[in-house]
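Protein chains in written order, with this note's numbering: chain G, 1 to 153; chain A, 1 to 270.
No lab work stands behind these hints: they were computed from the structure. Warning: the hint list may mix true and false statements.
Stated by the list, open to error - Pairs of lysine-lysine, BS3-like flavour, derived with a Cα cap of 27 Å:
#1 Lys127/G x Lys96/A
#2 Lys61/G x Lys74/A
#3 Lys73/G x Lys139/G
What the hints assert, rightly or not - Incomplete in silico selection of chain G near chain A, CB under 8 Å:
#4 Trp41
#5 Ala51
#6 Glu85
#7 Ala93
The model shown is predicted, which means the values in this text are computed figures rather than measured ones. All residues carry an ideal CB built from backbone N, CA and C; glycine is no exception.
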Amino acid sequence: MSSLKMPPQVSRLVLLTLGIVGSYLVARKLLVPKTFGEYGWYRGAALEENAAHKLVFAGMKSCDECHSDVLQKLGKYEHKTISCESCHGPSRAHADDPDVKTPKGMFADSDCLRCHQSSPSRPLWIKQVDPLDHYRGDKCTGCHVPHQPKETP
Amino acid sequence: MNHVISRRRMLGALGSALGWIASQPVAHAAKAAVQNLLASSHAPKGYDPTKHKWLMCIDVDRCIGCGLCVDACKAENHVPEASSFFRTWIERYIIKTPEPGGNEVRGEVLVDSPNGGRNGFPPSTVPREEILKSFFVPKLCNLCEHSPCAQACPVGATFDSPDGAVLVDSNYCIGCGFCIQACPYGCRFLNPETKTAEKCSLCYHRITRGLRPACVEVCPTQARIFGDLKNPVENDPVQEFVRKNKVFTLKPHLGTEPRVLYANIDKEVR
């Protein structure tokens with residue numbers, strides 16, 4: 001029977017190993033975040049944190065809630081693919097509180113030329129003008145209505 | 001033989017049990033405190049990431065290089081103002097006519113992206129008659145199925161989420177920059193304010209609320225098409241896009257299997 005007794009150096013080694021493994025397990029339990037491994041090798045809560053950011057652009061559906069008449073009319077013309085906020089600017093604040101104005105009220109010629117300035121890089125289907133050759137007596141909006149581009153004011 | 005428990009053992013056992021019970025809330029509080037220190041979570045519920053698979057289609061023939069997408073992205077995601085930080089940007093490709101008498105079909109290829117195309121593109125210095133063809137290519141995170149950036153991250157701070165968006169956990173990012181080197185599409189940068197890696201999140205805060213990403217929202221020509229592979233709608237724009245066009249991805253030889261599809265691009269686009 002005495003031959004089965006563990007030598008003291010071995011039992012100390014076993015105790016030490018158990019101590020190291022145990023403290024590792026305790027530290028791991030304390031340090032690994034709760035949602036780590038929920039979907040993969042990352043914190044599952046990070047998805048929700050990314051989703052929690054505040055909106056800046058409201059989206060066309062929000063505009064439609066109050067301005068459906070404008071949108072319906074816009075839908076009949078060439079500019080129908082353009083979202084409200086493309087020209088009027090990010091408007092989440094305006095959607096939350098209508099007293100807050102949208103960032104852009106008046107339109108400069110540069111807003112039109114952003115898309116319609118002629119360029120060899122632009123596809124041919126988009127209407128392009130060279131502002132130097134085009135009629136220069138007035139602002140763009142003097143002759144063109146942005147919501148109904150084929151109509152005159 | 002003797003099954004009677006001594007008073008000493010009984011008291012000892014009771015004491016240790018009480019000690020264990022008392023230590024539980026302390027241990028829980030300690031764990032919660034440590035976790036709060038490492039990351040804080042505050043979240044809207046009701047969105048199941050396993051029930052979606054997002055993708056983006058880019059129709060380069062529709063892109064007019066107006067730069068509204070770049071501007072909108074900067075505003076929506078509070079991207080640093082400096083002209084070297086973009087989550088999405090537009091490149092202008094100019095392919096020059098080949099030298100006469102040479103054996104090339106195309107001449108030199110020039111690519112530029114002044115301020116990411118945010119303010120549109122000033123006229124090129126290349127005269128019109130020297131241009132064989134020119135076009136705009138919007139760029140963004142390629143939403144790789146096998147993301148090199150997520151593989152390179154040593155701390156699990158960037159990852160492929162189940163719905164296809166490749167996200168950054170800014171609370172866990174240590175700012176080492178490995179992911180920035182790993183991305184073959186140059187879609188990442190180190191935010192100079194937070195010192196963490198940043199990239200296109202596909203406007204994760206918008207898509208989880210049922211909205212389109214900001215760039216898709218403002219694109220005036222529908223050059224960007226956003227869709228959900230797991231929830232196709234009637235006349236699904238993504239299926240329409242794949243049916244109508246020759247569809248490519250960028251750098252297919254790398255095996256990243258991007259979920260950003262490009263229609264009808266020239267081989268010069270990388």
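A quick look at each hint next to the structure:
1. Lys127/G x Lys96/A: Distance ~24 Å between Lys127/G and Lys96/A Cα, so the pair holds.
2. Lys61/G x Lys74/A: holds (22 Å)
3. Lys73/G x Lys139/G: Between Lys73/G and Lys139/G the Cα gap is close to 23 Å, so the pair holds against 27 Å.
4. Trp41: holds (5 Å)
5. Ala51: Since chain A brings a Cβ to about 4 Å from Ala51/G, closer than 8 Å, the hint holds.
6. Glu85: Holds. Min distance 6 Å.
7. Ala93: violated (12 Å)
In this structure, only the earlier hint numbered 7 is contradicted, and the remaining ones agree with it.
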